[in-house]
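Asker: Sequence:
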Amino acid sequence: MSLNKNHKIYITLILGFIFLYVIPLSFKPLVSPDETRYAEISREMIDTGNWVVPHLGGIRYFEKPVLGYWMNSISMIVFGNNSFGIRFASVFSTAMIALMLFLLIRKRKNIEDAFYTVIIFLTSILVYAIGTFAVLDAHTSMFLTASLLSFFLAYESKKLKIKILWLSIFGIFCGLTFLTKGFLGFVIPGLTILPFLVWNRKWKEMLWMPWIPLFFMILISAPWVLMIYSQEPDFWHYFIVVEHWERFFSNNLSQHTEPFWYYIPVVFLGLIPTSFILPSIIRKHKLKLPQDDFVKYCLCWVIFPFIFFSISSGKIATYILPLYPAIAYLAYLGIKQYFIEGNIKRFDLTCKILYIIIGSLTGLFILSQILSETHVTSYIISLFTNRTPTQTAIYQPAERLKWILGASVFGFWAFCLYKATCEKNIQQKIKYFIIGYLSVIFCVNFLILQTSIHKKSPEKFFETYADHIPTNPIIIAYPNIFTDVSWYYNSTNVFVFEKFGELKYGLGKGDTKYPDTADRYISKEQLAEMVVDENIKGRIVFIMRSDEYMEYIKDLPVQPSFLVHDMNKDQIIFATYQ
Numbered sequence: 001m002s003l004n005k006n007h008k009i010y011i012t013l014i015l016g017f018i019f020l021y022v023i024p025l026s027f028k029p030l031v032s033p034d035e036t037r038y039a040e041i042s043r044e045m046i047d048t049g050n051w052v053v054p055h056l057g058g059i060r061y062f063e064k065p066v067l068g069y070w071m072n073s074i075s076m077i078v079f080g081n082n083s084f085g086i087r088f089a090s091v092f093s094t095a096m097i098a099l100m101l102f103l104l105i106r107k108r109k110n111i112e113d114a115f116y117t118v119i120i121f122l123t124s125i126l127v128y129a130i131g132t133f134a135v136l137d138a139h140t141s142m143f144l145t146a147s148l149l150s151f152f153l154a155y156e157s158k159k160l161k162i163k164i165l166w167l168s169i170f171g172i173f174c175g176l177t178f179l180t181k182g183f184l185g186f187v188i189p190g191l192t193i194l195p196f197l198v199w200n201r202k203w204k205e206m207l208w209m210p211w212i213p214l215f216f217m218i219l220i221s222a223p224w225v226l227m228i229y230s231q232e233p234d235f236w237h238y239f240i241v242v243e244h245w246e247r248f249f250s251n252n253l254s255q256h257t258e259p260f261w262y263y264i265p266v267v268f269l270g271l272i273p274t275s276f277i278l279p280s281i282i283r284k285h286k287l288k289l290p291q292d293d294f295v296k297y298c299l300c301w302v303i304f305p306f307i308f309f310s311i312s313s314g315k316i317a318t319y320i321l322p323l324y325p326a327i328a329y330l331a332y333l334g335i336k337q338y339f340i341e342g343n344i345k346r347f348d349l350t351c352k353i354l355y356i357i358i359g360s361l362t363g364l365f366i367l368s369q370i371l372s373e374t375h376v377t378s379y380i381i382s383l384f385t386n387r388t389p390t391q392t393a394i395y396q397p398a399e400r401l402k403w404i405l406g407a408s409v410f411g412f413w414a415f416c417l418y419k420a421t422c423e424k425n426i427q428q429k430i431k432y433f434i435i436g437y438l439s440v441i442f443c444v445n446f447l448i449l450q451t452s453i454h455k456k457s458p459e460k461f462f463e464t465y466a467d468h469i470p471t472n473p474i475i476i477a478y479p480n481i482f483t484d485v486s487w488y489y490n491s492t493n494v495f496v497f498e499k500f501g502e503l504k505y506g507l508g509k510g511d512t513k514y515p516d517t518a519d520r521y522i523s524k525e526q527l528a529e530m531v532v533d534e535n536i537k538g539r540i541v542f543i544m545r546s547d548e549y550m551e552y553i554k555d556l557p558v559q560p561s562f563l564v565h566d567m568n569k570d571q572i573i574f575a576t577y578q
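Numbered according to the numbering used here, the sequence shown spans residues 1 to 578.
Treat the hints as calculated values from the structure; they're not laboratory data.
Fair warning: there could be bad hints in the mix.
To be verified - Derived pair list, reagent style EDC-like, types lysine to aspartate or glutamate, alpha-carbon separation capped at 20 angstroms:
| id | residue 1 | residue 2 |
| --- | --- | --- |
| 1 | K419 | D348 |
| 2 | K336 | E423 |
| 3 | K513 | E498 |
| 4 | K345 | E423 |
| 5 | K64 | D34 |
| 6 | K524 | D555 |
| 7 | K64 | E551 |
| 8 | K336 | D113 |
| 9 | K202 | E156 |
| 10 | K336 | D292 |
| 11 | K460 | E498 |
| 12 | K513 | E232 |
| 13 | K352 | E423 |
| 14 | K8 | E156 |
| 15 | K455 | D34 |
| 16 | K109 | E156 |
| 17 | K524 | E498 |
| 18 | K28 | D47 |
| 19 | K158 | D348 |
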């Protein structure tokens, strides 16, 4: 029996998602420190049975609520403490966003509009990067998307019972967002919904609609809110003042301070490959006020949260992820109108420019690798610098298969862009435009430089020197490697050396003292005493990621009995004292 058009769309989306998002999960090592941090917190919840208070390395960690950790923990219980199990919750969250977007647009418009919107969303580089990465932003985005779409369904409902049902669901998802990310679960929906209702002059709705979801927000949030307060009363001081007020409004104290315009390039670059053709579409598209309510809603979904994130003092690229479902739909509408009007010349020109650039860069890369592996490049450099020839290739000789695969897939991308310019049929043009790009982002998972893996994914390093860990060790780690040490050595009793980093508050260095973790901090003076203490002799392991190690050990009374170090910046130093 032949498949109809709808079945082909479903199969394409499902198989494409599995191919792009699911298959690569196990082939990339965990990235330090973000993925190992969230993996370790979730692992400790499983091991300790404490599902109320997040801990990192046995130290209180109050930066986020618990629902994201719960999702990761459940995934790890099902799939194991491996890269697939740790990342699957992010993939699942991304799939749910795509599904919700697909179902709503199919219901309001048609299956083709739903299909292409989801394609734009799932292929956006920022969505893909975060959706296959073990951080909590995809989880947050899923609950925010569910809450915003639920409200819109309530808004469109004509029957009061159905409207109340969707408002209740909206409140539930706002509560779940709060349990994942905090007050953004209220702020982003508010910044979207209030301007939308004002735009449509729904004054009465503004007065009565918030109360039903507010009840369900409280109902969902209250159990954990009360439990965390009973166990750790100081949680709310840290979470509200430090994590929200200071991060968003205090220029002096917030983390990740960036300029106001920071998110403009983030949104544009994060929308690649669609952003390649957006300039032509925007230039041609006439600006006029939309009549469709969902288009208005999506504009409010993008504009006002974007302004809020832009004026906040603390900025990270991942914060903007919840805007991408709306961005994807608005981008699709522009592209659709562009092609309906038969404007393909600029699209062809864009493809031509891209395949010339990508093809040329691929050729130069191949040439540079060949010259470097044959030492021609390093010899030429030595003639002008009087230095001994060194390896100048991007990839090392042992990684030859990687760079050949990389050159092949980027060459294929350039070929697909060329084919897109040759086709007359618009759907064929789009197909070639997408296929080449998808092949690249799939294969990129297997093209990571070994030097990058060594710096950002130290799993093999820890495995290599695991035999040098003594029985009943005292492991002392610098804050920038603390999370990795706790994760890879499965320890909740690693000591923090010299600096506090993100562990300052959990170590009891804030307004509240924590006697049970006060001794987890080790100063240089304390380390000097420990290495000569006969009672713990032979048990000390010192690990850090820094080129400053020699400055720390030069004043110690004894030198390490075993030392592995690389004086290049950000490399790991592993030392034991017998």
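Asker: Against which earlier hints does the structure fall short, listed by number upward?
Answerer: 7, 11, 14, 18, 19
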